[in-house]
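Sequence order for the protein chains is A and B. Residue numbers for the first sequence follow the working numbering, beginning at 1 and rising by one. Residue numbers for the second sequence follow the working numbering, beginning at 1001 and rising by one.
Rather than coming from a laboratory, the hints here were simulated on the basis of the structure. Zero decoy hints are in this set.
Part of the chain A face toward chain B, derived, beta carbon under 7 Å: (1) F8; (2) V9; (3) Q10; (4) A11; (5) L12; (6) V13; (7) V14; (8) R27; (9) A28; (10) L62; (11) L67; (12) D74; (13) F75; (14) A100.
Computed list of chain B residues with no C-beta within reach of chain A, every gap over 12 Å: (15) R1014; (16) A1044; (17) K1061; (18) G1069; (19) D1138; (20) Y1143; (21) E1167; (22) A1192; (23) P1210; (24) F1214; (25) P1229; (26) D1254; (27) D1288; (28) G1300; (29) D1304; (30) F1305.
The beta carbon of each residue, even a glycine, is placed where N, CA and C say it ideally should be.
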Amino acid sequence: MSEARTSFVQALVVEEELHLTLVELCRACGAPEDQVTELVLEGVLEPVGQDPELWRFTGPSLGRARLALRLTRDFELDPAGVALALELLDEIMSLRARLARSGML
Amino acid sequence: MKFKDYYEVMGVERTATQDEIKRAYRKLARKFHPDVSKEPNAEARFKEVGEAYEVLKDPEKRAAYDRMGSQWKNGQDFEPPPNWDGGGQFDEREFGFGGGEHSDFFKSLFGRRAHGAQGPRARGHAQGRDNHAQIEIDLEDAYRGAQRTISLRMPVMDAQGNVIAQERKLDVTIPKGVRAGQHLRLNGQGGAGFGEGPAGNLYLEIAFRPDPNFRVEGRDVYMDLPLAPWEAALGAAVTAATPDGPVQLNIPADSRAGRKLRLKGRGIPAKHPGDLYAVLSIALPPADTQGAKAAYRAFGKAFDFDPRAKVEGEPS
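Turn these sequences into a full structure, and let the hints guide you.
Below, the structure is given as structure tokens:
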């Protein structure tokens, strides 16, 4: 008789399948709500919805928020500094991707 | 256990002021932080620097560290002095990239007791913490989906309230189409709840195990496809090993090294799947027999060909 030895845990791809509330995002990042709210006010994260209770963050916000929080902590940055750093990192990534596509990297 | 010279790690004198230590840290962090650095071993270096800074920026920890004296050298065998008291507490939260674990040296000096981890929610009922880990999967798993048993080191709290790392095996379904840098959420597989609160969630950040045959850019996958000179010159039908199994490829005549052949939709699967690119290279057979040498000579005679004709500078 064949029987499944274990049941495999189903995983959701955050970036493709999920939207997160402010509470969920804060739990997932281990960060207090006011810190994540500051990232929203600086434009680092762009949820849809008017009020914080109605905010819905796209899946990629999780990686972005965690990156922003790491930079905040490890470089002792303020929210405006983090916003600038992320914009520059985005630009570097898109330039690297263009270089790679043109075969120069 | 090896002694760690935190001053040497940070490149400062033992007499450095707190400002000098902070400046050194900022500079090293900009150089080695894994989120901004392209240096090899950036992650390991940054952990080392982060740990050194954690001790030297804190006057109490620094004073305790200094009490061991300056005769110790980096990498020397070391045991903490008897009756050592390094001030007891530190918070084994994630620091730096990928969940910083302190070195044994640090733990032996500064204890391993977490503070704040229990917090007010230890009483009453509350959801457990969300946990994060990184896992490496094969590119083939992203093409087909897979069931894998992964082994994680998770922080758990023991009966005394100490945070310890515990090995945990977990059977996980890897969804088809997942890409490096994306996160999987496993509901209820994070930290245990408090009281009757539910467990937290577990997030797994995906990385692809390095594969000498494939490079991944987002959803697109690149592979090198070596050709014999005659296949490149005359065109050929060849079989190429892709992450999704072998495919037949028609190589156009007059193909050059570096040319990319696009296999549309054969990158990482998705609603809008990526493309697979075969990057052509030319492999020369070795001239290691009389017959092979004769063939190369005949080959040379058959052409009036100067490969350096377009190269400016010294004539060849």
